[in-house]
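Number of protein chains: 2
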Amino acid sequence: MPLGERVEGKGESRYCGVETEFDDDVCRLLSFNLSSAGFDFVVAPLMDPSYRPSLVQVQNDTSPVLPVAGSDLVLSPSQWSSHVVGKISPWIDLDSEDEILRMDSETTLKQEIAWASHLSLQACLLPSPKGASCANYARCVNQILQGLSNMQLWLRIPLLKSDDDSPDVDSDRLMDSWELWNSFRLICEHHSQLSLALDILSTLPSANSIERWFGEPVRAAILCTDAFLTNTRGYPCLSKRHQKLITGFFNYSVQVVISGKPLHEIHGATTGSAVNHIDENTNSMQRHPLRSYLEYVGYLYQRMEPLSEQERIELGYRDFLQAPLQPLMDNLEAQTYETFEKDSVKYIQYQRAICKALLDRVPDADISAVTTVLMVVGAGRGPLVRASLQAAEETGRKLKVYAVEKNPNAVVTLHSLVKLEGWENVVSIVSCDMRLWNAPEKADILVSELLGSFGDNELSPECLDGAQRFLKEDGISIPSSYTSFIQPITASKLYNDVKSHKDLVHFETAYVVKLHSVAKLAPSKPVFTFNHPDYSTKKSNQRYTKLQFAIPQDTGSAMVHGFAGYFDATLYKDVHLGIEPSTATPNMFSWEYVLPCGKLQPLASENSGVILDS
Amino acid sequence: MPLGERVEGKGESRYCGVETEFDDDVCRLLSFNLSSAGFDFVVAPLMDPSYRPSLVQVQNDTSPVLPVAGSDLVLSPSQWSSHVVGKISPWIDLDSEDEILRMDSETTLKQEIAWASHLSLQACLLPSPKGASCANYARCVNQILQGLSNMQLWLRIPLLKSDDDSPDVDSDRLMDSWELWNSFRLICEHHSQLSLALDILSTLPSANSIERWFGEPVRAAILCTDAFLTNTRGYPCLSKRHQKLITGFFNYSVQVVISGKPLHEIHGATTGSAVNHIDENTNSMQRHPLRSYLEYVGYLYQRMEPLSEQERIELGYRDFLQAPLQPLMDNLEAQTYETFEKDSVKYIQYQRAICKALLDRVPDADISAVTTVLMVVGAGRGPLVRASLQAAEETGRKLKVYAVEKNPNAVVTLHSLVKLEGWENVVSIVSCDMRLWNAPEKADILVSELLGSFGDNELSPECLDGAQRFLKEDGISIPSSYTSFIQPITASKLYNDVKSHKDLVHFETAYVVKLHSVAKLAPSKPVFTFNHPDYSTKKSNQRYTKLQFAIPQDTGSAMVHGFAGYFDATLYKDVHLGIEPSTATPNMFSWEYVLPCGKLQPLASENSGVILDS
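Heads up: the sequence lines are chains A and B, in that order. Sequential numbering from 1 applies to the first sequence in the working numbering. Sequential numbering from 1001 applies to the second sequence in the working numbering.
Just chain A, same shape as in the assembly:
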């Protein structure tokens, strides 16, 4: 029974699991934990915990039967795959000094995963490495991953980081479990089927340190009963910080798994427990000992805010690499124009900027005498033409508009728009590239919307340089300037998507992405700024810069998979438009840019921060 009705955006997180002991009757195990208790899946050992391959006698060349919990036929294929996550024997230690234990561990690990594959399970939970040195374990898992069809392997890692930075601490003591995860996954070469199950303990590390994990492939949060507090009525509950963490996991499609012994005895909570004569039938209907933990998690799930309209639209695009548009080289399609035109906030900002420019340019006294010449360069299907005419109406200024557009298909729409709206006397349509047009007169105001998610990446500077020939010397360009920004991020999903192409060119492509499952490791910094018009004699659009980012002290180490890119544009004076997180225009439908760490290996950074050439 899922935690709640709402599916959208939560993905898998509405299913809650429970970690169980070995039971050689899997049907009974499912019936006890799922049908009657309400969990959606079990994380259950697949093999008898007392099994050690070295203790088994081989007779007459034939192998013994595996000590598994029943045959594949006791459940249907779909029950196995949707209700059971295989828990690999926790005793295995592939980096042990004890050779027999080490050999037994490797054999058992491979047998258990082969059995799980045989059953087409969706995932197996790998036990935490026993110590900081886990090279043989990781090597063996990497070998297994090469031959695995679809199954995910969840490496269990405690969410643990000591804040103690004093140099005299015991060097054997694990300081930061992220380091353990990182060395394991590096040996497994960022394999996309290796992911994480985080053990949530009663104490949590700092917020910055937790934030790192949201860019890593966390699939499950294993919530131990001793991480719970007790409320005044004796029920389990979580601290505010734990609540926030679990809600965060829900938003990132991370599934919760309840684990451990019941520590909160609820008496008289169900009517059934008041009955004295317990026969077999009511016994099987007995309240599950972890039921109240599940109910609390369900309560957290259900009280989450519903998604906004805009979030719902963007849902399908989250963390999905899109090749950026090249509107100068390619003509946009009608559906692309339609998407852009829906971004009403953007055109409201443009209209505000044009109003201010018109008021500055034409004093009230000259209203009837002066006609302002406004040119929309890159008019598309006309949204800026409309915004300009509305600004003229709002300010009472007289306007003459040239709509310059190089895409002959959009020009068809412009003509039909002008005819439909009766703008024939005000608007002239010019079907021409702005860089080539011989304008019949000069403009007071030049309006354009040529910016990409990273500012100049759709060649706005080059286009506007070509158009400023026909701007009056004291004329205004809207936008008057724009700046790009970058920010280092952990983004394992995007990194793997880029890597799957197995070539360099995809690592050197910048993508448009609705960022979601990423960790932003440091505040963004400005990169390049362009001003318009620019009459300096030695100007160039070539740029080079070197930036240094400082990761907060308490974050710990982190993986930089790439950089998020943003822009901020000054349209006119105080009217701006942008997506840089700290100053972003609210409700604007515009996506971030991702620059993967091209030729570099991803950088595992130390606290001291990373130096980057941009």
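Keep in mind the hints are simulated off the structure, nothing from the lab.
To give an idea of the interface, some chain B residues facing chain A are shown, with a C-beta separation under 7 Å as derived from the structure: (1) 1062; (2) 1068; (3) 1335; (4) 1412; (5) 1432.
All values reported here derive from a predicted model rather than from experimental measurement. Glycine included, each C-beta is placed from N, C-alpha and C at the ideal position.
Given chain A's structure and the hints, the job is docking chain B onto it.
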């Protein structure tokens, strides 16, 4: 309105289109042909047919507006893409000697396809090449294809082949339109977005010649009204051969488009036409002149046989490349065993073969004295163990069974099966590779099912060679022999799927495929045969052969994209099992094998046939 309710297996073919003239009011065009007449889409010219770029004056550097039928906004994006196929101007001739016409043609072709892309149409219909020489046309289309996002280009080709083979025919005369298509698509390098629209004329070429097209990417059959006959009531109908062709197209998801002037005037067919005073309202409800042709096509669609149960199961696998299993190297998964075990016909054949072998080995007189030792090598989850025990019961023979299986996961199921069925005293389970097992006694009968779709391709010969050590000298192997077969095929869809990997290794992989959209060009021929047991001293499983296929004289030329592979196995004496088309076991759930033409370019063969090294 689709032609019929049944969706399954017909795919797009339930939608029927109509070819129209240019109309500058697209809304009216759709309302006349779709809403009131019942067609699902129009194939309509996108630009004014009188337009010639060379006649247009360019003024003041600005281009004129394109003479298209209304702006993109007159229909919604989904109306454009689901109801309109763009018909490229038929006057274009990119291989004309007239330079102005040639230049105008290239400009118009590019503008029209750019406009169709702007509208996100699903397809455009390219006019037939004007003559046998179409190199510049194809070059230009290939260039366009490189930048096309999702749109299909349907090249219009008449379904035409002269049967005249006399050498003195006019060399300019087009003999076989397949040659035209082939040279065009070769220049376009088999681009997956280039497909075909076949014009169906009143006379049809030979059946063999038509068959070739079913392996080519035919998307539409344009049915001209003059291809119709007239039935006794004056209604249009088709000849038997035409009916068969159209039904064939339906089965291959080819859409029908009605084209041409109405040639069958139906009087008094609708009640509406009896009314005398026709006002504007009833006028618009007037019967569409091509309505009776649509109705006839709908009648053909609806009278098709429904798909069988087995066809429905196989539907999702048609023409889909599956990497072949390697059961010797990899252990099969539970779901794979489950699929195989469903193939009841196979096990009925095995049981028949085992019965015959038991009867031959143990005369009726010895029934109570003799126990036959039967070994199932590769027992999996036990279907052949069951078939053997049923054969013993059917014949009254006493049996001792060894079930040898190397997959430890399947051995778990075997143990649970034996326990469940109470077979402990009859069946011994051996968890071991048959090539390594030291059998405690020798077998009378060795039963195996190690064959792949191409016979030996899952290493059955090597496994059985290893197992015959423990077969008595006069013992029986079931199967006793098997033979592989191949057959040259046209299979453009599969060829493109292999090609999309852009590497040699995929061209050198043999795939398992449920073949559907392929043309079988010649009867299959046997390739390699293996016999078991084989006690010859110098035996080897190495094989080499050279085969020659003769394509029927009236087929014409054809493209060999690869070979379909089959097997036929003799289980015991007259009991066989196989998928070779001429002798296939009915209702067996087993798929063909495809061997793509590896390092070769696909072969365009002449009538004389092709010589192939296999």
